[in-house]
Amino acid sequence: MNDIAVGTVKVPGATLRYETRGSGPVLLLIPGGAGDAGLFEGMAGLLADAGHTVVSYDQRGLSRSPLDGPLADQRVNEWRDDALAVLDAVSPDAPAHVFGSSSGGIVALSLLAARPDRVRRLVAHEPPLVELLADPAPYRDHFAEVRELHRTRGLGPAMARFSETPDGRKPERQDGELPASIRPMAARMTANMPVFLEHVLVPFSSSAPDLEGLRAAAGKLVLGVGEESTDQEALAGPARRLAELTGAVRTEFPGGHVGCVEHPAEFAKVLLSAMWR
Numbered sequence: 001m002n003d004i005a006v007g008t009v010k011v012p013g014a015t016l017r018y019e020t021r022g023s024g025p026v027l028l029l030i031p032g033g034a035g036d037a038g039l040f041e042g043m044a045g046l047l048a049d050a051g052h053t054v055v056s057y058d059q060r061g062l063s064r065s066p067l068d069g070p071l072a073d074q075r076v077n078e079w080r081d082d083a084l085a086v087l088d089a090v091s092p093d094a095p096a097h098v099f100g101s102s103s104g105g106i107v108a109l110s111l112l113a114a115r116p117d118r119v120r121r122l123v124a125h126e127p128p129l130v131e132l133l134a135d136p137a138p139y140r141d142h143f144a145e146v147r148e149l150h151r152t153r154g155l156g157p158a159m160a161r162f163s164e165t166p167d168g169r170k171p172e173r174q175d176g177e178l179p180a181s182i183r184p185m186a187a188r189m190t191a192n193m194p195v196f197l198e199h200v201l202v203p204f205s206s207s208a209p210d211l212e213g214l215r216a217a218a219g220k221l222v223l224g225v226g227e228e229s230t231d232q233e234a235l236a237g238p239a240r241r242l243a244e245l246t247g248a249v250r251t252e253f254p255g256g257h258v259g260c261v262e263h264p265a266e267f268a269k270v271l272l273s274a275m276w277r
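When the letters of the sequence shown are read in order and numbered with our numbering, they come out as residues 1 to 277.
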């Protein structure tokens with residue numbers, strides 16, 4: 001059993017709350033969407049038991065990482081600098097392994113491109129960079145529609161549309177009861193969702209990765225795709241395209257977009273293999 005230590009780091013415009021557990025080489029877990037450090041509760045202990053100092057944090061403006069001022073559209077580069085600040089706090093003298101999920105994967109890619117010296121190996125799992133797709137317009141319009149629905153009709157209709165494909169198809173697999181490991185985070189996720197829909201979804205999904213920087217660091221990069229996401233273009237397509245554009249390795253992970261929550265033990269096993277390959 002690994003005890004959790006909680007710390008904070010001051011960054012421009014916010015105070016970030018982070019958690020650490022275990023000992024050994026640092027493995028930084030970057031949450032995505034409306035999630036926070038609790039997203040990884042199911043697998044963090046397993047990764048620590050495997051010999052890592054496991055670190056995760058709440059993104060600025062979400063959960064327990066308050067902003068100093070009013071909320072505005074969030075920027076990938078600012079969240080990247082936040083991730084660097086957390087790394088500097090927990091591993092100032094050594095590079096770290098990094099895992100980023102969803103929009104956290106977008107942050108992770110920006111970190112690798114800008115500061116490859118701070119990274120040992122990085123796994124970006126299903127970063128939704130839809131501008132990399134052959135036809136990004138339907139996904140761009142879909143996310144903009146979701147944001148507008150949130151503004152005009154509220155969270156429920158916006159989330160219902162967000163769960164669909166751009167052409168209105170419902171997901172084949174409906175989410176069941178929340179896994180026990182993340183139930184404590186459920187209320188925080190609900191509170192974070194308006195921030196995500198209004199200020200993160202569109203600016204992050206429409207951002208462009210630094211392909212030159214990623215090509216230069218491709219030997220440290222692994223692109224992850226969930227085995228249940230292979231036919232979902234907005235989730236799997238960008239990772240496939242990035243692997244083609246950079247020459248990075250692509251690896252299949254258990255589950256879907258949140259496989260780390262659905263199958264924490266199996267996901268952790270694949271993640272560790274990818275980190276040390």
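Treat the hints as calculated values from the structure; they're not laboratory data.
Certain hints may be false.
Beta-carbon label-pair distances, calculated as ranges [claimed, not checked]: (1) A137 x A94: 38 to 48 Å; (2) E212 x P12: 34 to 44 Å; (3) T15 x P92: 13 to 23 Å; (4) A160 x G7: 21 to 31 Å; (5) P92 x G156: 20 to 30 Å; (6) D135 x K10: 12 to 22 Å.
C-beta: ideal position from N, C-alpha, C; glycine also.
Requested in this report: Run the structure past the numbered hints and jot down the numbers of the failing ones, going up.
Outcome: 2, 4, 5 and 6
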